[in-house]
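Chain by chain, the residues run as shown.
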Amino acid sequence: MLKYIIKRLAIAILVIIAVSVISFALLRLSGNLAQSLAGEGATQQQIAEIEKLYGLDKPLVSQYMDWVVKVLQGDMGRSLFTNEPVFRMIVDHIGVTAIIASLALTLAIVIAIPLGVFAGVYKNSWLDRLALGTAVFGSAIPNFWFALVLIYVFGVQLRMLPISGNATWQHYILPAITLATGVMPQIMRLTRAGMLDTLDAEYVKMAWAKGLNPMTVFFKHALRNAILPVVALSAVSLGFLLGGSVIVEAVFALNGIGSLAYHAIKQADFPVVQSILLFLSCIYVVLTFLADLINARLDPRIRLR
Amino acid sequence: MASAPTATNTQEMDYPSPWQNAWERSKTHIGLQIGFSIVLLAALAAIFAPLIAPADPYAQSLTSRLLPAVWQPNGSWDHILGTDAYGRDVLSRLLYGTQVTMIVGFGAAVVSGIVGSVLGILGGYFGGKVDAVVIFLINVKLAMPGVLIALSLVSIFGGSLISITVILALLFWDRFAVVARTATQQVCANEYIAAAECVGASRTWIIFREILPNIANQIIIIGSLEMAIAILVEAALSFLGLGIQPPTPSWGILVSEARAFMFLKPHLIVIPGMAIFILVIGINLLGDGIRDVTAPQGRN
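Read top to bottom, the protein sequences are chains B and X.
Quick note: the first sequence uses this note's numbering, first residue 56, plus one each step.
Quick note: the second sequence uses this note's numbering, first residue 140, plus one each step.
Take the hints with a grain of salt, since some may be wrong.
To be verified - Simulated pairs of lysine to any residue, SDA-like, Cα-Cα distance not exceeding 20 Å:
id, chain 1, residue 1, chain 2, residue 2
1, B, 62, X, 342
2, B, 265, B, 279
3, B, 58, X, 271
4, B, 62, X, 271
5, X, 268, B, 64
6, B, 62, X, 270
7, B, 321, X, 285
8, B, 321, X, 268
9, X, 268, B, 69
10, X, 268, B, 65
11, B, 321, X, 342
12, X, 268, B, 67
13, B, 275, B, 164
14, B, 62, X, 272
15, B, 125, B, 140
16, X, 268, B, 140
17, B, 62, B, 347
18, X, 268, B, 164
19, X, 268, X, 342
Quick caveat, the hints were computed from the structure, so don't treat them as lab data.
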């Protein structure tokens, strides 16, 4: 088990290093930063001063090393426009995104797992068709458009829910539904496929032969073994939702990490953008690492690989 | 008398080819037929947009702003779907938008398919260190927040058709790599690969003549699914303003331009959104259908 953990940890660290190099390089591609910071009509001397101020006159490698050392010390730099510490900005904005992402994932799981279980159990029944239909619908609908439709129906026509901002808990309902629609189909499909496999297994036949209650067979014997890949997918989905909520945040005027990143990208505020990219990647790597550990805990076979 | 069993034998040997099988099965596969029709219709609309569009999609007219569609009160056949806030004909913009959608979606699927398949085949065939590098690249790709990376790249390289296509391709190569790698490993376990190695076939020959034809089917299926996702993401990026740039009529831009009038003119939002939705469903049905009719076991 320890060997497995160490191996996974080493890979996770290598991935984070690679991501940090990419997010650093990405923003250095954007042309002459000092010139755009100095503004139009700046003299050569002003540009040189700005280069010196932000360390842009040094070679790329030492700029990168400076950045990494500072990030490891908890200093992600300051925004080029508001001069706020980037770390502070991320902390201020991550809450909203974390709430809608975890709400969305919970909602998706609560719907997808029972639906997937029964779709697998009653294969080719009307329930199975309904589940697959929902999955096709959920994965084909453009989320920004679905968000607008929800706003139109629930916010404007029925006047049931607020449509922008995050003043009350009701404000989170429509964004969570929008995001959940996107991840629900994958979780449902994976649960269904897993159920189809495990329902054929010998230990499930044994459970039937013992005369167990069908619900015990479905949920305790079959689902428990079918759910391993679903755990991994849920972790991946949460990471995806944190980085992918930018569209939903834009439509519902939520001030989360997505809209922070969006505005920083539009202004070419590179300390903010590269720190957010690194931050979200780290969260993703940590989540998948945890999912691997949970899976290894649930399934002893994985530990031996 | 002696010839009779021989005749039966040859008859038994005369199996239909895989393509004949697939063709027979597709005649009864409704999902495949619907999907194929939708994609064909979209492709025709994209190719013939200049011929069938009733008006110039860029021609603005101050006197005919926000005209109603033909089924609404005061609607007319001059503008079947009405006009937008700049007086441009919505049907024409929708038809030209099909071009953008199909080019970006198809282009992104092809480019990412080539990149991903090459990496996957190399990893699956050579194994060892090559494979470790490929898996590492996939892990790095998965860890990065794709939509935000795409937004940053668009802000750097601009929103031309080519740059959007290439940027989207960068987002989607990983699934091709995963599938191509697994499929290659499975194919390599077959004896005909060992046989080809024994007779001294070159690695290039084995990859292109033995492996590629046997995994092409799976790659094409992933391609259809990725094309659908690429279309959704292109629309979303354009909607956010960091994708295809106005006045080019992308379906995402049509939705974002209509957003300010969504309470007065909901049809301006509903129509392009439904267009994306139907095309994506069509592509998915087509991909699933191809998988069903070409699957060796012939499952439904």
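> Which numbered hints does this structure break?
Replying inline: 1, 8, 11, 16, 18
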